Every structure is written in structure tokens, then in C-alpha cells.
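My request is simple: use the sequences and hints to build the entire structure.
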Amino acid sequence: MIRTDVLIIGGGPAGLGAAIETTNRGLKTLLVEENPIYGGQLIKQTHKFFGSHSHFAGTRGIYIQDELLKEIKKEHFSMLPGHSAVGIYDDGVIGIYDSEKNRFKKVSAKKVIVATGASEKTIPFKNNDLPGIYGAGGVQTLMNVYGVLPGKKILMIGAGNIGLIVSYQLIQAGADVVGIVEALPKAGGYDVHLAKIRRMGVPVFFKHTIVEAFGQDSVEGALIVQIDNRWKHLNGTQMQLECDTICLAVGLTPSSEILMQTGIKMTFSPSLGGYVPVHNEFMQTSSTDYFVAGDAAGIGEATSAIIEGRLAGISASASLGKEKNAEKVYKEHVDYIEKLRDGNTGIKVKKGKYELWNKPWDTSMETFEKKDNTIKIPKGRTKAYVSIECYEDIPCNPCEISCHFKAITVGPNITDLPMLDLDKCTGCMSCLTQCPGLAIFGINKDLAPGRTGITIPYELLPLPEKGDTVWGADRDGKIICSARVEAVRKNKNKTHLITISVENEYAENVRHFYPGASGDVLICRCLDITADEINDALDRGYTDFEELKRYLRVTTGPCQGRGCRQLIMNMIRAKTGEDVSSHSTGTPRPPESALPFSAFTKGGKK
Amino acid sequence: MKAAADVGIIGGGIIGSAIGYYLTKMGLKDIVLFEKDYLTSGCTGRCGGGIRQQWSTSDNVKLAKRSVELFEKYEDELDFDFEYIQQGYLILAFTDDEVRDFKKNVAMQKKHGLKVDLISPRQAKKIVPFLNTNDVLAATYCPTDGLANPFLTTFGYAERASEAGMTILRKTRVNSIERKGGSYRIRTDKGDCTVKYIVNAAGPWAQEAAKMIGYDIPVEPERHQILVTEPLERMVGPMVVDFYNGFYGSQEKRGGFVMGESDPSEPASYKTSSHWKFVESISKKFTYLFPRFSNVKILRQWAGSYCVSPDAQPILGPISADDPNYFLAVGYSGHGFMLAPATGEAIAEWIVKGKPLTTDISHLTMERIEKGDFSQEHNVV
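Sequence lines, in order, name chains A and B.
Residue numbers for the first sequence follow my numbering, so the first one is 1 and each next one is one higher.
Residue numbers for the second sequence follow my numbering, so the first one is 1 and each next one is one higher.
Heads up, a few of these hints could be off.
[Said to hold, decoys possible] In silico DSS-like pairs for lysine-lysine, Cα to Cα no more than 27 Å straight-line:
id: 1; chain 1: B; residue 1: K36; chain 2: A; residue 2: K575
id: 2; chain 1: B; residue 1: K36; chain 2: B; residue 2: K65
id: 3; chain 1: B; residue 1: K211; chain 2: B; residue 2: K371
id: 4; chain 1: B; residue 1: K110; chain 2: B; residue 2: K125
id: 5; chain 1: A; residue 1: K575; chain 2: B; residue 2: K2
id: 6; chain 1: B; residue 1: K25; chain 2: B; residue 2: K353
id: 7; chain 1: A; residue 1: K70; chain 2: A; residue 2: K383
id: 8; chain 1: B; residue 1: K180; chain 2: B; residue 2: K196
id: 9; chain 1: B; residue 1: K171; chain 2: A; residue 2: K575
id: 10; chain 1: A; residue 1: K370; chain 2: A; residue 2: K424
id: 11; chain 1: A; residue 1: K602; chain 2: B; residue 2: K284
id: 12; chain 1: A; residue 1: K602; chain 2: B; residue 2: K285
id: 13; chain 1: A; residue 1: K602; chain 2: B; residue 2: K277
id: 14; chain 1: A; residue 1: K74; chain 2: A; residue 2: K106
id: 15; chain 1: A; residue 1: K383; chain 2: A; residue 2: K371
id: 16; chain 1: A; residue 1: K351; chain 2: A; residue 2: K328
id: 17; chain 1: A; residue 1: K328; chain 2: A; residue 2: K121
id: 18; chain 1: B; residue 1: K285; chain 2: B; residue 2: K103
id: 19; chain 1: A; residue 1: K359; chain 2: A; residue 2: K339
id: 20; chain 1: B; residue 1: K65; chain 2: A; residue 2: K575
id: 21; chain 1: B; residue 1: K285; chain 2: B; residue 2: K73
id: 22; chain 1: B; residue 1: K355; chain 2: B; residue 2: K65
id: 23; chain 1: B; residue 1: K65; chain 2: B; residue 2: K104
id: 24; chain 1: A; residue 1: K602; chain 2: B; residue 2: K36
Simulated from the structure, these hints should not be mistaken for lab results.
Note that the coordinates shown come from a computational prediction; the quantities given were computed from them, not determined experimentally.
Written out as C-alpha cells, the structure is:
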């Protein structure tokens, strides 16, 4: 029998948060974690966290467990990785299982904090047992923990934060996300996450659901369909998408089954994701021996899980007489968590918790006054500045903290939108590297005559090199022009800054780039002429559009250059740096669209 | 701009580029080529790409035959793919007069060693199975005729010549020419250049370039319209020519049918616009000859200029005895592409070696025109 003051089940953000509080109050604490690595979901969160700068915002998830561990008092702490809690018996003994040694062990604890997280939901569709169908968490684990890419062409189901983040990470890992299917008319996840994957060209099918996976031995594709407001399939809207992997990110449900064995009170809360143990604001369940925190207490996000863990730790300590000033200590955490749950995205959790606590709920709490943070750029402004494209009241403020010139203000209410003071902004671009949503872009209208520099926070490899010709893509990931890489600034936090230059007319719209207006991407789709072929011709000196046209036949196909003329002109400009606006771009000729000879032979005689 | 050079070539089409190439090949490398717009911006950039040796005059046959010998070597010599296909020209006769003329032509052409035959409609149908031969009385066929891409051919010559030292000045318009001792000062919108030799290879603008030193040469521009279809699998080997109706058409290497017609009512002009009469007229001609292809789609029609001389043969060599170093390579009358290699070689020889050695072009100088002593080339579309 292992004896301890506090047993924490689960080594994720909530469990580690709890351990900080109990160990720092001198309580002997044992943490069991079923996986061989502690950290829970943190170990695969390669993105930067939102929230307050003082609570790890701007830090990548994968580094947070180590930060938390640093705060834990080691002399009071022991941890058993590879151990899962399998039962809470009638005498209060907790059974744990050592999976490595295949051994059942017993723990006697004065207090138990359950931080067991969540499990992934699934949805029914035909052939949903085909190999190649994964939960998003599984994909993330394979990819970010074990370095295994589950597939090359991924269809993501669900546009919540997980679906969006995992899509982004799949692209970072080199996969092609063929689309995101979302039943709702808008993304459940943060706008900035959506914007991030959209500008990489991933199509999002709103109001769609998956009907069927198909394939011989594994997934080869999926059938999706549009649905109406009552979830009814709309006939004739079926669409087949080719993919080798289907990734389900359709939500999480609290995983607190172990607590049910104790007979504590449970309740069903749609806002919190399913069955949750009834608990108070300080995370104590209906029994003074059991505490709950994190997703197990209602689906939220990782930063509030840490805070809930800390609250549970303080509560457990208080119930063991180790915290006399509990009320005062709670306050800081409770206030912060309240703030985290303001804004359109967090409010659902807040409402669920209020219902649980029987706290009065005023529907006016659900509407937020959003400040208008759009700014007018004075015509004559040539000094570089930043464009903050953050229009959603998510709890986040690293931009404010990162600005050395106090040009960005979020204020005490961290769900408020960041406001830019253009006069103070020097265009230093520090904030670009800190924004977890990668939603800040640098604009430099004075880069070169006729060209605007756009600095993009970039997390894909390989990085381009200065001087490279790349594709400028708009917010939907559509290539709209050719661009030149002007600067590459590597950054320790791995959000690198790439400055590209585009012609002024594209500056408003370019927010992403695709490496190389090169490779075998087709430019002239009528005649299958690739960017490489065009670049090769440009290198050989065919930089006059009319010569290029005759050398490669670009624009001489059925579309007469509608699809590619602009792109080619941009490539010429990017290559030569010359103003090509006065150059001939060929003469459109009749017929406007291809017509058969027979259309011209009717009537008259030979 | 280079202040001086040995040779100044006016015109960056197939002729100017070919001459530049052969000059550099013969060791003369101090050359400047003046092009007012881009390479191939004149007639070459609008050319149909046929390569024919079946002519009605001996001089044209000789030049064409030598050109084909050079075209056959082009790809290896220049290391440049110019989309050459050698699947012949099939020329159709619809009248007894034509049959008579064709017999005469074939006899003459054979004398020059050309592999060419007068064949029956049945034989013609064998060569082009899709052809309507109902009204065809006879045809001539020369299997070594063919097609190539005139743009690429020009670029190949220009690339190699500029690698060898020729300077190509694009977007550089020659405004005037001054005699300066034994040399010429070429004044352009980008600066001046003094040269020992001038080659006028200005195509439809040849007359203007000759006027710059005070000569009125008898060439004029004439619009010829042309169209291309969507690319199809290659089904028609040779270029098919019908002088009677004024039609030529071929299927280029990449599969598009390219065709044009002659319009005797077309006045002299620099016009290169498109007319609906052309597409209506050629559609009838084409679908009459190829009824199966009546639903093939036309992609685009355009037009270019022929630089027409009085006898439809090129005017080559010094512009006059007074200006022995001002060379003409003009008046090709729609056949400049196919005659470019041999005439390029001949002009280069004339400049470098003092006279043309490989092909006799003595009948093609200005002299014949001044004397009115020439034989008309009849085989023109």
C-alpha cells in the first residue's frame, strides 16, 4: 500500500497545476499518469498558447509541462508514469495499474484530485471502421510525439480549435489537408486559427457532414454532403474528396468515469461536454475527499485547466488544514479563469459552470461589446507598421506585452481586442513573433518603388531564402501574385518572420506565400506549363512576355491567358524587377471562346 | 550601347537571327542586332511554320533545298528543339492547267535533285486518309518538306549567336542611318552605333529601312490571316496546299491545325487585325478538304504581314553598287522562314568571304528588279 497525502490522477496541465499547490504547501503528493510521458495533451501542443502573458500565453504547449514541473516542490512530490487509476474501492483505496510491470498497486490517499482529461467523441458514418480513420488526438500523438505522419492527404472533420490546430500541424508536418468539414455554419474554433489554415489554401466546407468513407483496404476517399439547419442531408450536394486519412475532431467529452465509482454526484451538462462531477468554484466535488479539475470537470482549454488544477490543489490543501487564507488565494485564480471564459468562445463553458454552481446567469453576459480595432492608415505613411488582424474576443495579450514601444493595448480585460497606436508603432515586428494566432502582419510601403513589403509570421519548413521568388496568396490561400522574399528573420521561438514584397495593388490581400513560384505547379493549365519551365525560360532571357509566349506558348491555350497572364507578368516582374505594366501581354484574338469550323460554314456556298 | 561594330542587323526576326548566327559561325562576332520590339515581333511571330521545297522557280528550289539540308542539321548543331517534323507537303491540283504546271515544276525540281513526285488522288488519299480527294485530279508530294516552329527556330539562332558574341538590342528602334566615310552610323532611340556593314532584315518594314539611306525598294507589306485549332492527336502528316482555292493547312507537332489562305483583294498595309470574312472563308475551304474535322474547334485567328516583292522571290545582296556594304535580305513574300537558313548562310558568306559560296543567289539581287529580268514565282498562297 502506497500512502500519500494527496493523489493526483492525471499528469496533464490540471494535474501538474494541482501538484504545484499541494507540494508547495508541504503535502506529500503522488501523481499517476497512464502515459509514459507526463504532460497530458501538452506534449503534442506545438502551437503557442493563448491567454495572459503571465500564464504562459505565447509559449508553445510542449514547453509548458516543464515550466509547471519547475514550480513543483520536488521533495514532496513523486510521480508514477505508466500508471493508470483503475478503481476507487469502498474503503477509499485507489487501485493503480503499472502497465510496464503488469502489476496492480494500491494507494491510500487523504485527498484525491481527479484530472483525467477527456476522450474524443466520434460520429457515425458508413465505413467508419476503415483503417485510416483517426481521432484528432491520436493523429496529434502520432505526429507530434512519435514523429509518424498518419497519411498524406487528410480530410479533417470538425472546425473547432482542435480540428483547426491539428490541420495546421498536419500541414507543418508536410501533409496535404484536402479540406475541413464542419456541420455548423461557422468555425467553433478561434477565428485566428481558421484564418491561419485558410490562407494556406485549405478549403472549409461549412454546413457539411461526412456520409461515408470509402476504400478497399483503407481509406481512399470520403463522401461529404451539405446539411440544412435540421441536419438533413441536401440532395444533390454530395461531393467526393480523395484522401487517405480521415481525422475526426468532432469534440471532446469529460473523462471522469473513475469518480463515478465513488458515488459522488454527477450531472449532464451539454455546455461542458457531457457527464461531469458536480463541483464548486474551487473544484471540490460533492465529497470533501475528491476534487476534479481540467477537462474532466468540463471541456475547456489548457490554460484554464492549469488554473482549475491549482484551485483543486488549494482546495485539497485547505481541507487538510494547509491553507488558512484559502478565500484570498482562490480569488486571483477565480478572477483569471472568469476572464479566460469571457468572449464568444469561452462563454459556453462559463455558462455551464454557472449552471453547475447555481450562480445567476444573465443573458446579457453572453453579448460582448467589441471595440473597433480597425485603424485608418494615413495616406502618406511610409514607415513600417503592423496590421493586427485579430477581431475576435479571445482571451489573449502577448502582443501587448511584447511591444517595446507600448503601441499595442489590450488592457486588464484580456478578451478585449488589441488596439494599435500607429504613432508609437515603429514597425519592429516583435509582436508578430509573439501572437499565438499568427494574426499580426508587418506592412512596409516604403520597401521599393511600387512594391510593399509584407512581413508574415511563418512556421513552415523549409524557410525560403532571401531573393527567392514565391507565390503571394490571399487570405483564402489563393495565389494572386508573384512575390519576392526580401528578408528572412529566424526566431528562437520558431515563429520566423519572412518579409516578401509584392506590387502595391496586392498588399492589402497578400497574407501568405507558397514556397517558390517554382516546381511543377502548373501556371498555364491549358497547356500544362509549369512554374519551373517558366522560370527556366526567364533565366534564359525570355523576359519579354511576347517572347515568352512564343517560346513556351503560355496563354495560347483555350483560355487565351485568362487564367495565367497575370501570374506570368508577376513572375516576369519578380525576376527582372522591372516595371512591366507597359509591356504587351499579347493580343486577345477571336474567337473569344473556341468554336467549331461548322459554326462558320452554315449559309453561303463554297 | 556599343559605339561601333562590324555588322548592324536591322530586324530580330528569323532572317536577322539566322544571318547573325551564320556570321558568328563564320567567325565574325562583332555584331549588333537592332530589334524595335521583341524577337519575332514582326512576321516571324505570326508565321505558320511550313518548310517547302516545291517551287516554280529554280532559285527558290535551290534555296529551299539548301535550307532543308540546314534544317535537318539544326537540332544537333544548335542543341535546340525547334519542333521539326519532316512529313512532306502535299500540293493538290484541281484543274488541267494545274496538272500541266505541276508536271513542269516536278521535272524542274527533279533536275535540282529534289525527291518529288506527281501522284494520283488515290496515292494522295493514302498519305492523308482524312482528305477529301473527290475533285482532286493529281497532287505533288515531296516527303522531305515539313514544318517547324518559327519562334523557336529564331530563338535558337539568336541564343547561339548571342552566346558567340552578337549583341541583341530589344526595344531599340532604328530611326535613321547616316553614311560616315566608308561606314554607317545607325541612330536609334537608345543611342548610336557605327558599323561597317548593315543588313536590312526588317521584313515588312524593309522599305523604311532602305529609305533611311535614300533607296526606294519595291517591297510592300501585305496582311495574311491565319488560325489555329485546339490540339488534337496528330492525324495529318504533311502540309496540304490548294493553290486553286488559296489554302494551306498543316497539323503542327503539338497537334493544333494551323492554316491560312491567300486573298487576292488584300491591299498593301501594315494591318494585322482579324476579319470575319477570313474565318468564314477558310472554314469552308478546310471543311471541304477535311469534312471529318468540321467540329474541330478554332482557338484563335490572327494575322501577319508578308513582305511582298514583285516576283515573290527574296531580294538578297547589296542594295546597290554605291552601297556595297548595305545588304538586303527582304521581300520573301511569305516564305522567309523556310528560306532563312540558306539565305542566312549566303548573306553571311557574302559579308565574311566576299561572295556567297554555297548557294548561287546571283539572280536574286536588286539587279533583276531594276532590269525587269525575273521569272515570277507562282506557287504562293
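Do the hints match the structure? See the list:
1. Proximity of B:K36 to A:K575 is assessed by CA-CA distance (about 23 Å); at most 27 Å being required, the pair is judged to hold.
2. With a CA separation close to 31 Å, the supplied pair B:K36 and B:K65 exceeds the 27 Å bound.
3. A hinted pair counts as satisfied when its Cα atoms are at most 27 Å apart, and B:K211 with B:K371 qualifies at roughly 20 Å.
4. This hinted pair checks out: B:K110 and B:K125 have alpha carbons roughly 23 Å apart, not beyond 27 Å.
5. Annotation: proposed proximity of A:K575 to B:K2 holds, straight-line Cα distance about 25 Å (limit 27 Å).
6. With a CA separation close to 12 Å, the supplied pair B:K25 and B:K353 stays within the 27 Å bound.
7. Note on A:K70 and A:K383: the hinted pairing is violated, with a Cα-Cα distance of about 43 Å set against a maximum of 27 Å.
8. This hinted pair checks out: B:K180 and B:K196 have alpha carbons roughly 10 Å apart, not beyond 27 Å.
9. Simply put, B:K171 and A:K575 have alpha-carbon atoms about 19 Å apart, close enough for the 27 Å limit, and the pair holds.
10. For a cut-off of 27 Å, the pair hint linking A:K370 to A:K424 stands: about 23 Å separates their Cα positions.
11. With a C-alpha separation of about 9 Å, the suggested pair A:K602 and B:K284 falls inside the 27 Å cut-off, and the hint holds.
12. For the given pair, A:K602 sits about 13 Å from B:K285 by alpha-carbon distance, which is consistent with the 27 Å threshold.
13. As the CA atoms of A:K602 and B:K277 are separated by approximately 13 Å, the hinted pair is consistent with the 27 Å bound.
14. Restraint check for A:K74 and A:K106: satisfied, since their Cα atoms lie roughly 22 Å apart, inside the 27 Å limit.
15. This hinted pair checks out: A:K383 and A:K371 have alpha carbons roughly 26 Å apart, not beyond 27 Å.
16. Taking the CA atoms of A:K351 and A:K328, the gap is near 24 Å; set against the 27 Å cutoff, the hint holds.
17. Our distance criterion of 27 Å between C-alpha atoms is broken by A:K328 and A:K121, whose separation comes to about 38 Å.
18. For the hint linking B:K285 to B:K103, the alpha-carbon distance of about 25 Å falls within 27 Å, and the restraint holds.
19. Distance hint between A:K359 and A:K339 is fulfilled; the C-alpha atoms sit about 16 Å from each other, no more than 27 Å.
20. Distance restraint check for B:K65 and A:K575: the Cα-Cα separation of roughly 42 Å exceeds the 27 Å cut-off, and the hinted pair is therefore not satisfied.
21. This hinted pair does not check out: B:K285 and B:K73 have alpha carbons roughly 35 Å apart, beyond 27 Å.
22. Between B:K355 and B:K65, the direct Cα distance comes to roughly 20 Å. Compliance with the 27 Å bound is thereby established for this hinted pair.
23. Of the supplied pair hints, the one linking B:K65 and B:K104 holds, its CA atoms being roughly 18 Å apart against a limit of 27 Å.
24. Proposed proximity of A:K602 and B:K36 is contradicted: the alpha carbons are some 42 Å apart, above 27 Å.
Comparing the model with each earlier hint shows violations of hints 2, 7, 17, 20, 21 and 24; every other hint is respected.
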